[in-house]
Amino acid sequence: MTLTAPSRSPSSSPSRAAIFGANSGIAVAVARRLAASGARIVLIGRDGEAIAASARDLLVRGAAEVVEIAGDFAAIGTTGDIVERAWTAFSGIDLALIAYGSLPDQAALEAAPDAVEAMLSLNLASPAVLALHLASRFETQRSGVIAVITSVAGDRGRKSNYLYGAAKGGLQRFLEGLRHRLYAARVQVLDIRPGFVATRMTEHLPRGGPLWAEPDRVAADILRAVERRRAVVYTPWFWRVILGIVCALPRPLFHRTSF
Amino acid sequence: MPISGSRRSDYRSWGGTVAGEHLVYRPRSLADARAALTATGGASVLAYGNGRSYGDVGLNPGGRLIDCRGLDRFIEFDRQTGIVTCEAGVRLADILAALCRPDPDGSGWFLPVSPGTRFVTVGGAIANDVHGKNHHREGCFGRHVLGLDLARGDGSVLSCSPQSQPDLFAATIGGLGLTGLILSARVQLRRVVGTGVEAEDIRFAGLDDFFALAAESEAGWEYTAAWIDCLATGAALGRGIFSRARHHAGIGVPPPALDPKIAIPFALPLSPLNRLTLLAFNTAYFHKLGRRGRRRWVGSYEKVLYPLDKIGDWNRLYGARGFFQFQCVVPNTVARDAIAELLARIAASGQGSMLAVLKTMGDLPSPGLLSFPMAGASLALDFPDTGAPTRQLLAALEAIVVAAGGRLYPAKDSVMSAETFRRGYPRLPEFLRYTDPAMSSGFARRVGLDNRLREAA
Ligand SMILES: Cc1cc2nc3c(=O)[nH]c(=O)nc-3n(C[C@H](O)[C@H](O)[C@H](O)COP(=O)(O)OP(=O)(O)OC[C@H]3O[C@@H](n4cnc5c(N)ncnc54)[C@H](O)[C@@H]3O)c2cc1C
Ligand SMILES: NC(=O)c1ccc[n+]([C@@H]2O[C@H](COP(=O)([O-])OP(=O)(O)OC[C@H]3O[C@@H](n4cnc5c(N)ncnc54)[C@H](OP(=O)(O)O)[C@@H]3O)[C@@H](O)[C@H]2O)c1
Numbered sequence: 001m002t003l004t005a006p007s008r009s010p011s012s013s014p015s016r017a018a019i020f021g022a023n024s025g026i027a028v029a030v031a032r033r034l035a036a037s038g039a040r041i042v043l044i045g046r047d048g049e050a051i052a053a054s055a056r057d058l059l060v061r062g063a064a065e066v067v068e069i070a071g072d073f074a075a076i077g078t079t080g081d082i083v084e085r086a087w088t089a090f091s092g093i094d095l096a097l098i099a100y101g102s103l104p105d106q107a108a109l110e111a112a113p114d115a116v117e118a119m120l121s122l123n124l125a126s127p128a129v130l131a132l133h134l135a136s137r138f139e140t141q142r143s144g145v146i147a148v149i150t151s152v153a154g155d156r157g158r159k160s161n162y163l164y165g166a167a168k169g170g171l172q173r174f175l176e177g178l179r180h181r182l183y184a185a186r187v188q189v190l191d192i193r194p195g196f197v198a199t200r201m202t203e204h205l206p207r208g209g210p211l212w213a214e215p216d217r218v219a220a221d222i223l224r225a226v227e228r229r230r231a232v233v234y235t236p237w238f239w240r241v242i243l244g245i246v247c248a249l250p251r252p253l254f255h256r257t258s259f
Numbered sequence: 001m002p003i004s005g006s007r008r009s010d011y012r013s014w015g016g017t018v019a020g021e022h023l024v025y026r027p028r029s030l031a032d033a034r035a036a037l038t039a040t041g042g043a044s045v046l047a048y049g050n051g052r053s054y055g056d057v058g059l060n061p062g063g064r065l066i067d068c069r070g071l072d073r074f075i076e077f078d079r080q081t082g083i084v085t086c087e088a089g090v091r092l093a094d095i096l097a098a099l100c101r102p103d104p105d106g107s108g109w110f111l112p113v114s115p116g117t118r119f120v121t122v123g124g125a126i127a128n129d130v131h132g133k134n135h136h137r138e139g140c141f142g143r144h145v146l147g148l149d150l151a152r153g154d155g156s157v158l159s160c161s162p163q164s165q166p167d168l169f170a171a172t173i174g175g176l177g178l179t180g181l182i183l184s185a186r187v188q189l190r191r192v193v194g195t196g197v198e199a200e201d202i203r204f205a206g207l208d209d210f211f212a213l214a215a216e217s218e219a220g221w222e223y224t225a226a227w228i229d230c231l232a233t234g235a236a237l238g239r240g241i242f243s244r245a246r247h248h249a250g251i252g253v254p255p256p257a258l259d260p261k262i263a264i265p266f267a268l269p270l271s272p273l274n275r276l277t278l279l280a281f282n283t284a285y286f287h288k289l290g291r292r293g294r295r296r297w298v299g300s301y302e303k304v305l306y307p308l309d310k311i312g313d314w315n316r317l318y319g320a321r322g323f324f325q326f327q328c329v330v331p332n333t334v335a336r337d338a339i340a341e342l343l344a345r346i347a348a349s350g351q352g353s354m355l356a357v358l359k360t361m362g363d364l365p366s367p368g369l370l371s372f373p374m375a376g377a378s379l380a381l382d383f384p385d386t387g388a389p390t391r392q393l394l395a396a397l398e399a400i401v402v403a404a405g406g407r408l409y410p411a412k413d414s415v416m417s418a419e420t421f422r423r424g425y426p427r428l429p430e431f432l433r434y435t436d437p438a439m440s441s442g443f444a445r446r447v448g449l450d451n452r453l454r455e456a457a
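Protein sequence lines correspond, in order, to chains A and B. Just so it is clear: in the first sequence, position 68 is 68 by this note's numbering, and no numbers are missing. Just so it is clear: in the second sequence, position 120 is 120 by this note's numbering, and no numbers are missing.
Since the hints were derived computationally from the structure, they do not count as laboratory data. Treat the hints with caution; some may be incorrect.
Claimed, not checked - Here are the simulated lysine to aspartate or glutamate pairs, EDC-like style, with alpha carbons at most 20 angstroms apart: (1) B/K310 <-> A/D114; (2) B/K303 <-> B/D259; (3) B/K310 <-> A/E214; (4) A/K159 <-> A/D114.
What the hints assert, rightly or not - So the derived list for chain B, only partly shown, Cβ under 10 angstroms to chain A, looks like this: (5) Y11; (6) R28; (7) A31; (8) R34; (9) D72; (10) F77; (11) Q80; (12) G82; (13) L99; (14) C100; (15) I262; (16) I264; (17) D337; (18) E419; (19) R422.
By construction, the Cβ of each residue, glycine as well, lies at the ideal position given by its N, Cα and C atoms.
The shape of chain A in the complex, shown without the other chains:
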């Protein structure tokens, strides 16, 4: 006898997941939740040792199977091949999560604009190309979810991070169009917009306070949005309110803010 139903029902979570940028703090949290529901998971990342450690961890946490693939997403020309290998690992993908990215130092980029190209390439061009490779396969499969982590930074250009914001905002527009395209094929395109998350990316910032979220909280929001077939999810939820206000600020007022 079991007093309460055993936590998650396996049917509600995708059974085959591929995670691009699998060593990201947010991605690890998502993978652990998927593992607990018995999913088969493909991990793709550039740090082989970290990916291998994560694979062992996910197996203990309940993943049915884990496949590791080495990949550097800065090399955009290789993303087609990476998608091919991820797709064939379990003959199809139910959930593809694109999680990699880098948070640049805005001031450094302004001082040395040549570095902007690489930043835009990793945060915008690369995930867009990767998603296109995925899209044609999902279109044929006629089911599944392409989930991509953008950021609340993409919602309105601000002086403190408009270069990163441009990449993430561009990615948001791209996903909007891709969603339109894949609607007929019943493929969900999810645009994930986190606020401040305590991962390696934000290690250098002073943390704490109500605006900061742990990766597991964000992971829970992501999987709930997948289940509910959402188009856009702000995580935690209050960022939708904050960004609503930020975007509604009249320009003369906005220009006097310093964030």
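Since the structure of chain A is provided, determine the placement of chain B with the ligands on it from the hints.
Okay, now just chain B with the ligands, sitting in the frame of chain A:
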């Protein structure tokens, strides 16, 4: 990429009475953890688990700290034998959530030993050789550790177990983080007939009844502990509620959620826990079992093992000044009288807390050289920090414990004297042979365990 640390002053003890500036490293891999350990910086270094120690054992003010919470990967689990291998920052809560889900018949793997909170790391559980309500049956946590990998300040990594490097292993169990950095450990989980429990709460009128109940429950109940009304005096001295529980065949309950239900967002400037609320609570709580004074129920182990985990950061309820925790164990021969003396002293002071816990400890030997548990009775309670009066009371209690031949628990302590520590832990000289000269802590310096101090002496 070389790992770098950052200067921070937000690492404090659970009781909130110890803080300081640290150079903090937050490694996310075992390789980074080793690099952080050997990073030059001159200053001493210490592993930090999940910060659930009440005093200064987990802090190294002015020195370096390696925050192990990013070392949170499982490495292997054998479902047949119940042996789990994991990195040192995996929390007991993670083991419960990932590995202790019941089979359809209710049975399952379970933590062999767990302290009163599941939010402690495996490394922290080993370094304090923690005990739980089942001490009389299973002993302390270290008895169930099959082996561990220990990184030392000289860059080496040693595999320690009862078979290989047994002395260093014994020193590391309960070694307060002073023998090196535990990277990973192998722990034997325990098979239980049901993950759910059958529990019973029984009101008792005084210490004699407590000891009678403890003796009567020893054989049939694996988890026992009592809540004591620490304000009761005279004839009511030592009254309380005895709780006992055991796993129940066929009843499976899923592990509790990983995040607490209620959160206390910040420390209040003034604590709502004062003498009046305390008196009201204790009186009401003592009578909660109604006329019969006894209640039996079957359900989740969360209420038995982790009553406080439902409230996140409950320590903030004590306000910005924080609080002290006191936990001692006194040997059986004098237990009845020593506990009575402690309780009388506490009641007379009017200080004390809602949560005073009395428990008997069994005689299963601990593998650690500095393990706290020993056969006898253990009393634990909190005291809001009111300055000098609290310190005077703590000193008086410490004297009673020393006179009784008992000891204080480093995991809970921030005031005991070096002399009290030395007398309570007779295997200390042996232990000192295995400490790592790179490691130190606030506690080590306070009680004279620090290598540099020792050499200078
Ligand atoms: C509500 C509550 C109830 C409790 N109940 C009990 C109880 O019933 N029984 C009991 O025994 N204790 C109890 N405790 C105390 C707690 O179990 C111990 O303090 C435990 O050691 C805390 O573990 P941690 O992971 O938070 O480590 P920390 O408190 O951060 O560190 C504890 C020690 O472990 C060392 N350490 C941590 N990680 C490593 C590592 N990787 N390698 C080497 N050393 C390391 C640190 O240096 C330090 O000396 C309780 C605490 C709380 C808050
Ligand atoms: N943290 C936040 O506050 C926040 C807020 C909004 C949006 N986001 C977005 O969330 C996503 C995940 O970030 P995170 O917070 O989880 O940070 P993270 O832990 O730093 O993860 C970023 C990941 O990107 C990977 N990566 C970077 N360049 C790569 C490359 N060329 N090839 C392969 N992998 C590469 C990194 O790989 P390595 O592990 O090998 O270095 C790392 O695992 C990112 O898109 C980020 O922009 C984060």
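Each hint tested on the structure:
1. With a CA separation close to 52 angstroms, the supplied pair B/K310 and A/D114 exceeds the 20 angstroms bound.
2. Straight-line distance between C-alpha atoms of B/K303 and B/D259 comes to about 15 angstroms, which keeps the hinted pair within the 20 angstroms bound.
3. A hinted pair counts as satisfied when its Cα atoms are at most 20 angstroms apart, and B/K310 with A/E214 qualifies at roughly 18 angstroms.
4. Restraint check for A/K159 and A/D114: satisfied, since their Cα atoms lie roughly 18 angstroms apart, inside the 20 angstroms limit.
5. Violation of the interface hint for B/Y11 is found here, the shortest Cβ-Cβ separation to chain A being roughly 12 angstroms, above the 10 angstroms cut-off.
6. A cut of 10 angstroms between beta carbons decides the hint on B/R28: the least distance to chain A is about 7 angstroms, and the hint holds.
7. Against a cut-off of 10 angstroms between C-beta atoms, the interface hint on B/A31 holds, since the closest Cβ of chain A lies about 7 angstroms away.
8. Annotation: interface hint on B/R34 violated; nearest CB of chain A at approximately 13 angstroms, more than 10 angstroms.
9. Among the interface hints, the one on B/D72 holds; its C-beta lies about 8 angstroms from the nearest C-beta in chain A, closer than the 10 angstroms criterion.
10. The beta carbon of B/F77 is positioned within 10 angstroms of a beta carbon in chain A (closest approach about 4 angstroms), and the interface hint is therefore held.
11. For the restraint placing B/Q80 at the interface with chain A, the shortest Cβ-Cβ distance is roughly 14 angstroms, beyond the 10 angstroms limit, so the hint is violated.
12. With a cut of 10 angstroms, the hint placing B/G82 at the interface with chain A is violated, because the nearest CB-to-CB distance is about 13 angstroms.
13. For B/L99, the suggested interface contact is upheld, since its CB lies about 7 angstroms from the closest CB of chain A, less than 10 angstroms.
14. Because the smallest distance between the Cβ of B/C100 and any Cβ of chain A comes to about 12 angstroms, over 10 angstroms, the interface hint for this residue is violated.
15. A hinted interface residue such as B/I262 counts as satisfied when its beta carbon comes closer than 10 angstroms to some beta carbon of chain A; here the least separation is about 16 angstroms, so the hint is violated.
16. The criterion of a C-beta within 10 angstroms of any C-beta in chain A is not met by B/I264, whose closest approach is roughly 13 angstroms, and the hint is violated.
17. The closest approach between the C-beta of B/D337 and any C-beta of chain A is roughly 43 angstroms, which is over the 10 angstroms cut-off, so the hint fails.
18. Restraint check, B/E419 versus chain A: the minimum CB separation of about 39 angstroms is more than 10 angstroms; hint violated.
19. Annotation: B/R422 was flagged as interfacial toward chain A, and the flag is violated, the nearest CB pair being 39 angstroms apart, outside 10 angstroms.
Of the numbered hints given earlier, the model fails hints 1, 5, 8, 11, 12, 14, 15, 16, 17, 18 and 19; all others are met.
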